[in-house]
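Undergrad: The lines below spell out each chain.
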Amino acid sequence: MNIITIKNITKVYKVGTEEVHALRGVSLSIDKNEYVAIMGPSGSGKSTLMNMLGCLDTPTSGLYLFKGISVSEMTDNQLANIRNKEIGFVFQTFNLLARYDAIHNVELPLIYAGVPKDERRERAKRALIDVGLGDRMNHKPNELSGGQRQRVAIARALVTNPSIILADEPTGNLDSKTGEEIMNLFQEIHNKGNTIILVTHEEYIAEHAARIIRLRDGHIEKDEIIKPQKTSQQVIS
Amino acid sequence: MRIFLFELNEGLVIALRAIASNKVRSLLTMLGIFIGVAVVITMSTAIKGIDNSFQSGISSLGTDVLYVDKWAWFTNEEWWKMRNRKNITMEEYYKFKELVRLPVAVAPVTNTIQTVKYNERRVENVFVNGSTADYIKTTNFTFAQGRFYSEIESNAARQVAVIGSEVAKKLFPNVNPIDRTIKIGGVNYKVVGVLAEQGSFILGPWNPDNQVYVPIETIFKNFFNRSFKTITINVRANGPAMLDETKFEVEGVMRKVRGLAYNQENDFSINQQEGLEQTYKSIVGVIQIAGLFITGLSLFVGAIGIMNIMFVSVKERTKEIGLRKAIGAKKRTILTQFLLESSVICMVGGIAGLIAAIIMSLLINQFIPTSIQIDSVLIGISVSLITGLVSGFAPAYTAAKMDAVEALRYE
Ligand SMILES: Nc1ncnc2c1ncn2[C@@H]1O[C@H](COP(=O)(O)OP(=O)(O)OP(=O)(O)O)[C@@H](O)[C@H]1O
Ligand SMILES: [Mg+2]
Chain A
1 MNIITIKNIT KVYKVGTEEV HALRGVSLSI DKNEYVAIMG PSGSGKSTLM NMLGCLDTPT
61 SGLYLFKGIS VSEMTDNQLA NIRNKEIGFV FQTFNLLARY DAIHNVELPL IYAGVPKDER
121 RERAKRALID VGLGDRMNHK PNELSGGQRQ RVAIARALVT NPSIILADEP TGNLDSKTGE
181 EIMNLFQEIH NKGNTIILVT HEEYIAEHAA RIIRLRDGHI EKDEIIKPQK TSQQVIS
Chain B
1 MRIFLFELNE GLVIALRAIA SNKVRSLLTM LGIFIGVAVV ITMSTAIKGI DNSFQSGISS
61 LGTDVLYVDK WAWFTNEEWW KMRNRKNITM EEYYKFKELV RLPVAVAPVT NTIQTVKYNE
121 RRVENVFVNG STADYIKTTN FTFAQGRFYS EIESNAARQV AVIGSEVAKK LFPNVNPIDR
181 TIKIGGVNYK VVGVLAEQGS FILGPWNPDN QVYVPIETIF KNFFNRSFKT ITINVRANGP
241 AMLDETKFEV EGVMRKVRGL AYNQENDFSI NQQEGLEQTY KSIVGVIQIA GLFITGLSLF
301 VGAIGIMNIM FVSVKERTKE IGLRKAIGAK KRTILTQFLL ESSVICMVGG IAGLIAAIIM
361 SLLINQFIPT SIQIDSVLIG ISVSLITGLV SGFAPAYTAA KMDAVEALRY E
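Chains as they are written, first to last, in my numbering: chain A, 1 to 237; chain B, 1 to 411.
Incorrect hints may have been included.
Said to hold, decoys possible - For lysine-lysine, the following DSS-like pairs were computed, each having C-alpha atoms within a straight-line distance of at most 25 Å:
no., chain 1, residue 1, chain 2, residue 2
1, B, LYS117, A, LYS117
2, B, LYS169, B, LYS117
3, B, LYS315, A, LYS140
4, B, LYS331, A, LYS85
5, B, LYS23, A, LYS140
6, B, LYS401, A, LYS140
7, B, LYS319, A, LYS85
8, B, LYS256, B, LYS229
9, B, LYS256, A, LYS14
10, B, LYS70, B, LYS81
11, A, LYS85, B, LYS401
To be verified - Below, a sample of chain B positions facing chain A; criterion: calculated Cβ distance under 7 Å:
no., residue
12, GLY239
13, PRO240
14, ASP244
15, LYS247
16, ILE327
Please keep in mind that the hints were generated in silico from the structure rather than gathered at the bench.
Backbone N, C-alpha and C fix where the C-beta goes; we use that ideal spot for every residue, glycine too.
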């Protein structure tokens, strides 16, 4: 099943009198349980595309269907709902709230989903245990290592059971060993049946994915499947 | 509704956390509102106290009393014109009393300022009023003890005195004043009555509580001769409704007593409390306007301060706002969160200001009998809430309409 379909998406930024074409007509579709890496040189439009896919930003032109529904016709509130329930963001800089401990950071999206407190606690706890931080629930971000912070952020992305995880350079601020650990976590998450799109500069990171999309100057340069898509059944057998 | 309450509750938790995480700044912000509210309420309480006192003073003097005097009390007429008027004499008073029909009571009044003593205790600069037994009918005085001097005592120029409550308190802290002998200007008097407290400190030396009342003939006997200075004739109308008619009669009779021709100006004045009330109101009006201005200003400064700090706080938390939006916070939610934050700050500041004002009014109560009015409490709380909402709105709105992507990129 198609979660995401985009057709001929463009994005133009106006900087003063100058126009920056960040995306110049990108089309692709992403199925349920795919694991996609987006690569490309700096400034090629990777982040712009991710923001678009994550309903954080709207395209200048083109069609975007999320689960078959056109995003461009959605109101701000509907977009916020999609971001809340369907999408899990993981950022390069973690973006945890410094004054909240791990469990409160993970709870955050559930507040906006209107989940009552006790259930929120329970789900946040489970998400933290799932990413291997069962013993760090009450630590504040500055009491955690980079890798642990990113795990908290991943738990926060997972806690709402989104349809898709979007990760923009999730290992960009981590050393390669910690990066590898995070990639193993993503692998696990993928194996449980989640759909993942991640942006990376590193080939060895991208090789974890089953499909690599290469961007250059706002175009898709190459879109290749590098290994057969796994399904959760295959992992178990 | 459920959703709204949920959001309100969660927003409040988030706001409290944000406030707690920046205590010094929050406290400084509260200070503006704290001062504003404390000033507003203390001010209005003080004015209320002054007003109460004035009203009770006015009513103890009687609102339907006319004062025929050489001088106009509340006027900008040239004083030298009045100075050249003839004194009002006791003879004129007797003639006047014969001729008037409408008043219920007429009494001649003179006064002298004396030191009043009882044993070693003394009160300086007391207004000693001299009049006749009818004087009491031209006032609304009530008695704590005893009685007013009688017509016989008055006509016979007896050494009797009625004392105001303050004088009584100072001279007789522990003993019953009735039948004690006090010295007024060195002469012995027997106390026959003590007035109940009239509670009109605002009238200062004119406050009946600070005065002593003796027969007018006794004053002429002991202090000065009857032609030494002008007397005032107090005239009480039969109720406020009769005041104008009585005033008209009083003017006619007084002109007749003075033998004025139709084309001659009055060489006396008829005063009434209305003048006092107007003067008072214009003074209180000025105080109120000044108070309003000061409090308005301090609240305005407070509001600007809050707006300023909220703007800084929004700016600082740009990235947080971006993150919250990315994980599903709606515009409305962000707006509510920041409005709650500024309202909570203002409410806390306002309530602290309220408490300060209550303490202040307890202090003021030592001097002016007053108490905090429930309406000023409500005004204080609602003013701080409104200030919070109004001054918080612009920053909150800025936060709410922030672009999520831009906000996340903010360093
Ligand atoms: N808000 C913006 N205003 C103006 N130009 C922008 C804005 N955001 C992105 N761009 C421009 O759009 C182009 C694509 O930017 P984008 O951030 O998508 O690149 P990227 O592929 O993520 O790069 P990197 O690997 O460095 O993160 C760049 O040329 C960038 O300068
Ligand atoms: Mg980027």
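Undergrad: Would you mind marking each hint as holding or not holding in the structure?
TA: Status of the hints after comparison with the structure:
1. Annotation: proposed proximity of LYS117 of chain B to LYS117 of chain A is violated, straight-line Cα distance about 77 Å (limit 25 Å).
2. Distance hint between LYS169 of chain B and LYS117 of chain B is fulfilled; the C-alpha atoms sit about 12 Å from each other, no more than 25 Å.
3. Distance restraint check for LYS315 of chain B and LYS140 of chain A: the Cα-Cα separation of roughly 22 Å lies within the 25 Å cut-off, and the hinted pair is therefore satisfied.
4. At most 25 Å may separate the alpha-carbon atoms for a hinted pair to count; LYS331 of chain B and LYS85 of chain A meet this at roughly 16 Å.
5. Distance restraint check for LYS23 of chain B and LYS140 of chain A: the Cα-Cα separation of roughly 19 Å lies within the 25 Å cut-off, and the hinted pair is therefore satisfied.
6. Distance check on the hinted pair: LYS401 of chain B and LYS140 of chain A sit about 29 Å apart at the alpha-carbon level, beyond 25 Å; violated.
7. Note on LYS319 of chain B and LYS85 of chain A: the hinted pairing holds, with a Cα-Cα distance of about 21 Å set against a maximum of 25 Å.
8. Proposed proximity of LYS256 of chain B and LYS229 of chain B is supported: the alpha carbons are some 21 Å apart, at most 25 Å.
9. Using a Cα cut-off of 25 Å, the hinted pair LYS256 of chain B and LYS14 of chain A is violated, with the two alpha carbons roughly 96 Å apart.
10. Distance check on the hinted pair: LYS70 of chain B and LYS81 of chain B sit about 10 Å apart at the alpha-carbon level, within 25 Å; holds.
11. Restraint check: the Cα-Cα separation between LYS85 of chain A and LYS401 of chain B comes to about 21 Å, which is no more than 25 Å; the hinted pair holds.
12. Because the beta carbon of GLY239 of chain B sits about 70 Å from the nearest beta carbon in chain A, more than 7 Å, this interface hint is broken.
13. Look at PRO240 of chain B: its Cβ only gets to about 66 Å from chain A, farther than 7 Å, so that hint breaks.
14. A least Cβ separation of about 70 Å between ASP244 of chain B and chain A goes past the 7 Å threshold, and the interface hint is therefore violated.
15. The interface hint given for LYS247 of chain B is broken, as the beta carbon of that residue sits about 73 Å from the closest beta carbon of chain A, more than 7 Å.
16. Because the beta carbon of ILE327 of chain B sits about 4 Å from the nearest beta carbon in chain A, less than 7 Å, this interface hint is met.
Hints 1, 6, 9, 12, 13, 14, 15, counting from the list given before, are not met by this structure.
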